[in-house]
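A.B. asks: Chain residues, written in single-letter form:
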Amino acid sequence: MVLHTVNKSPFSHCLLEQCLQVIGDKHALLLLEDGVYAALTSSPAAARLLQCHSERALAVYALAPDLRARGLLERGLLACVEAVSYADFVRLAGEYDSVQSWF
Amino acid sequence: MIFSLAIYGAPYSSQASDSAYRFATAALAGGHSIYRLFFYADGVHNATRLAAPPQDENNLPRAWRQLIEAHAIDSVVCIASALRRGIINGEEAERYGCDADNLAGGFEVSGLGQLLDAAVRCDRLITFGD
Numbered sequence: 001m002v003l004h005t006v007n008k009s010p011f012s013h014c015l016l017e018q019c020l021q022v023i024g025d026k027h028a029l030l031l032l033e034d035g036v037y038a039a040l041t042s043s044p045a046a047a048r049l050l051q052c053h054s055e056r057a058l059a060v061y062a063l064a065p066d067l068r069a070r071g072l073l074e075r076g077l078l079a080c081v082e083a084v085s086y087a088d089f090v091r092l093a094g095e096y097d098s099v100q101s102w103f
Numbered sequence: 104m105i106f107s108l109a110i111y112g113a114p115y116s117s118q119a120s121d122s123a124y125r126f127a128t129a130a131l132a133g134g135h136s137i138y139r140l141f142f143y144a145d146g147v148h149n150a151t152r153l154a155a156p157p158q159d160e161n162n163l164p165r166a167w168r169q170l171i172e173a174h175a176i177d178s179v180v181c182i183a184s185a186l187r188r189g190i191i192n193g194e195e196a197e198r199y200g201c202d203a204d205n206l207a208g209g210f211e212v213s214g215l216g217q218l219l220d221a222a223v224r225c226d227r228l229i230t231f232g233d
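The listed protein sequences derive, respectively, from chains A and B. Throughout the first sequence, residue numbering follows this note's numbering, covering 1 to 103 in sequence. Throughout the second sequence, residue numbering follows this note's numbering, covering 104 to 233 in sequence.
FYI, nobody ran anything at the bench for these hints, they're computed from the structure. All clues stand as given, with none of them false.
Restraint-style ranges between C-beta atoms, simulated for each label pair:
1. A:R75 <-> B:N161: 22 to 28 Å
2. B:G216 <-> A:R91: 26 to 32 Å
3. B:H174 <-> A:R91: 17 to 23 Å
4. B:G200 <-> A:M1: 47 to 53 Å
5. B:R187 <-> A:Q18: 26 to 32 Å
6. B:D202 <-> A:G71: 45 to 51 Å
7. B:Q169 <-> A:Q100: 27 to 33 Å
8. A:K26 <-> B:P157: 43 to 49 Å
9. A:H13 <-> B:L153: 31 to 37 Å
10. B:Q158 <-> A:A87: 25 to 31 Å
11. A:S42 <-> B:L219: 41 to 47 Å
12. B:R152 <-> A:A69: 26 to 32 Å
13. B:G193 <-> A:F11: 41 to 47 Å
Only a predicted model underlies this, so the values are computations on that prediction, with no experimental measurement involved. Idealized CB from N, CA, C, for every residue including glycine.
One chain only, chain A, in its complex shape (with noise of 0.2 Å):
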């Protein structure tokens, strides 16, 4: 089981489509620094997240400090994703095999 990070913002960059095309079953997604802008309702990306966490049940996470930098924590988020903080991320990344980085 794979942690996938993303941290380029899907309004700019195609790389969370890149990495949603491949992504295994049971695998993970953090987002980080412009990749939390995927969180948003109104992303480019935000169907296919859906789609992923309901049908391969796709855990999709993002870290609040990035969130709440580019003043995103009170805005309308995906019910999907999770906010959490880099102690949650410490965490996440022992509870994978291993940490796939997309920048």
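On the provided structure of chain A, position chain B as indicated by the hints.
C.D. replies: Okay, now just chain B, sitting in the frame of chain A:
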């Protein structure tokens, strides 16, 4: 859990270095250890001891130095990345006839093999890309 971190971003150019620093402090606070920090590509700029950002701004190179010193973390700067970017220690400065050096204490210059060694010897290698 034993972590190693690969840092590809220069301070103030991207968020990579700041993210890696926050991950490192969270890991140490959680009782985990860090086997190695590997500064690669533009990430080598974190290792300058001459950065002088405004006092009311986050001083990432200094924060890294303090963290490395406080926890005696093995910290490697990729030599090929560093020499290209003017990050140089005393020994290399002498070899190349440079009139100064700027590598901060706590960092050492070494090769990409140290990244491979870190990947093999730690539980998790986390890359913080540019």
